[in-house]
Amino acid sequence: MARRAAPEVNAGSMADIAFLLLIFFLVTTTIETDTGISRKLPPPQEEDVIPPVLKQKNIFVVELNKNNDLLVEESPMELKDLREAAIKFLDNGGGAGSEACKYCQGSRDPSSSDNPTKAVISLNNNRETNYATYIAVQNELVAAYTTLRNREAQRIYGKTFEQMEKDFDDVNFSGSKTKLKEDIKKIQALFPEKLSEAEPKK
Amino acid sequence: MSKFKKKKSGELPPVSTASLPDIVFMLLFFFMVATVMRKNTLMIDNKLPVADQIEKLDKKNLVMYIYAGKPSSRYRSSAGNQARIQLNDKFADVSEVKAFVLAERAARREEEIPFLITALKIDGKTNMGLVGDIKKELREVQALKINYTTKSGSATDNFK
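Chains as they are written, first to last, in the numbering used here: chain A, 1 to 202; chain B, 1 to 160.
Hints in this document: simulated from the structure, not taken from any laboratory.
For clarity, every value in this text was computed on a predicted model and none was experimentally measured.
We treat Cβ as the ideally placed atom computed from N, Cα and C, and that holds for glycine.
Incorrect hints may appear among the rest.
If you anchor each label on the Cβ, the simulated ranges turn out as follows [what the hints assert, rightly or not]: (1) A:G97 x B:N88: 36 to 44 Å; (2) B:V94 x A:D81: 17 to 25 Å; (3) B:K125 x A:I17: 38 to 46 Å; (4) B:V15 x A:T178: 19 to 27 Å; (5) A:V171 x B:N61: 42 to 50 Å; (6) B:N81 x A:E74: 30 to 38 Å; (7) A:G97 x B:K98: 30 to 38 Å; (8) B:N61 x A:M77: 38 to 46 Å; (9) B:A34 x A:G97: 28 to 36 Å; (10) B:N88 x A:Q105: 17 to 25 Å; (11) B:N88 x A:S111: 33 to 41 Å; (12) B:L12 x A:E8: 56 to 64 Å; (13) A:A189 x B:L27: 25 to 33 Å.
Partial list, derived from the structure: chain B residues whose beta carbon lies under 8 Å from chain A [unchecked claim]: (14) N46; (15) P49; (16) P114; (17) F115; (18) T126; (19) K135; (20) N147.
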């Protein structure tokens, strides 16, 4: 029996089919923007715990009222000045003796915070405050901490804190990761993020 | 008659389109890999605020999403004008947040649970009261790692 050659399949329309699929995926693709400010909530409080007493000068009160006005230490402030004010407060280092801060570069004003490890930023907001405003304030406060950490990391390890964190996540990083992790912890300990949030007021 | 006919010299040969499907397939595979299908259909307005001190959420399988905002125009008649929470594909009450977190935990392997992050995708115009309520619920179920999902940009853009 004579073998018949199989007829060749015409592949000319393959491009059309592929284009169809391509356009479908082009339209449905949303390169997702999953970025944001990471925070850690405090664990639920037990009823009978007495909150530790803090010196008034170690607390930096940031308040947002229902008209989205920003009040810092009971005086109104523009958002753009908040970062500077927070840095000034954290970096003050007004303590003496065992509470002295060796690495602070602030004005050492005795009426402001003793030590960055003691300084607490307290953020109060109203129930009617806008979420966007709240995020803007959060952002500025986190930025204040990052600025100070960058400065110290630059001084001690010769690179910024953000770079250290980036290196830690980088799979191609050549140095020792355990050492890097310790270094990051040390910098975090110099300026611990002490951001307390009260329950929103009615 | 000569056996080998000489080509006419002036004419250009047609461009071969045989490799066109290959190129298109290459693009196709790129988009297939890069595509993230949206898990939830949003029933609320979700215009996220902007911030610049942001971190990326890399491990998508360790993130659970809580949406909040005003219902979009087509749901306004049934869901009202006030900001609502959306969990999965439906509107939810504040009290349902706990059950949602527990359900999300149950769906994951045990060793992954401590690394779960709750991403709060909240519309910029929402009142903090609702956000505070969500946060309170999350604290009570020990879901303490949260991420305020934002777009990247200068913080002052929030007031435009």
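(Q) Using the nearest Cβ pair, does P49 of chain B come within less than 8 Å of chain A? (A) Since chain A brings a Cβ to about 4 Å from P49 of chain B, closer than 8 Å, the hint holds.
Does the interface hint hold: is F115 of chain B within less than 8 Å of chain A, judged Cβ to Cβ? violated, 12 Å
**Prompt:** CB of N88 of chain B to CB of S111 of chain A, is that within 33 to 41 Å?
**Reply:** Given a distance of about 52 Å, which is not inside 33 to 41 Å, the answer is violated.
Notebook entry, point to check: Does the Cβ distance between G97 of chain A and N88 of chain B fall inside 36 to 44 Å?
Noted result: violated, 56 Å
task = Given the hint of 25 to 33 Å, check if A189 of chain A and L27 of chain B actually sit that far apart at their C-beta atoms.
result = violated, 49 Å
Problem - Whether the CB-CB distance between V171 of chain A and N61 of chain B falls inside 42 to 50 Å - result: Check failed, 18 Å falls outside 42 to 50 Å.
Using the beta carbons of K125 of chain B and I17 of chain A, state whether their distance is inside 38 to 46 Å or not. Taking Cβ atoms as reference, K125 of chain B and I17 of chain A lie about 45 Å apart, which means the hint holds.
Outcome of range test on Cβ distance (G97 of chain A, K98 of chain B; 30 to 38 Å): Because 47 Å falls outside the window, the suggested range is violated.
Worksheet item: Would the hint on T126 of chain B stand, with a C-beta cut-off of 8 Å toward chain A?
Response: holds, 4 Å
Given the hint of 17 to 25 Å, is the C-beta distance from N88 of chain B to Q105 of chain A inside that range or not? 50 Å Cβ-Cβ, so the 17 to 25 Å window is violated.
Q. Range hint 19 to 27 Å: satisfied by the CB atoms of V15 of chain B and T178 of chain A?
A. violated, 58 Å
*Holds or violated: is there a CB of chain A closer than 8 Å to the CB of N46 of chain B?*
violated, 12 Å
This entry does not satisfy hints 1, 2, 4, 5, 7, 9, 10, 11, 12, 13, 14, 16, 17, going by the numbered hints stated previously.
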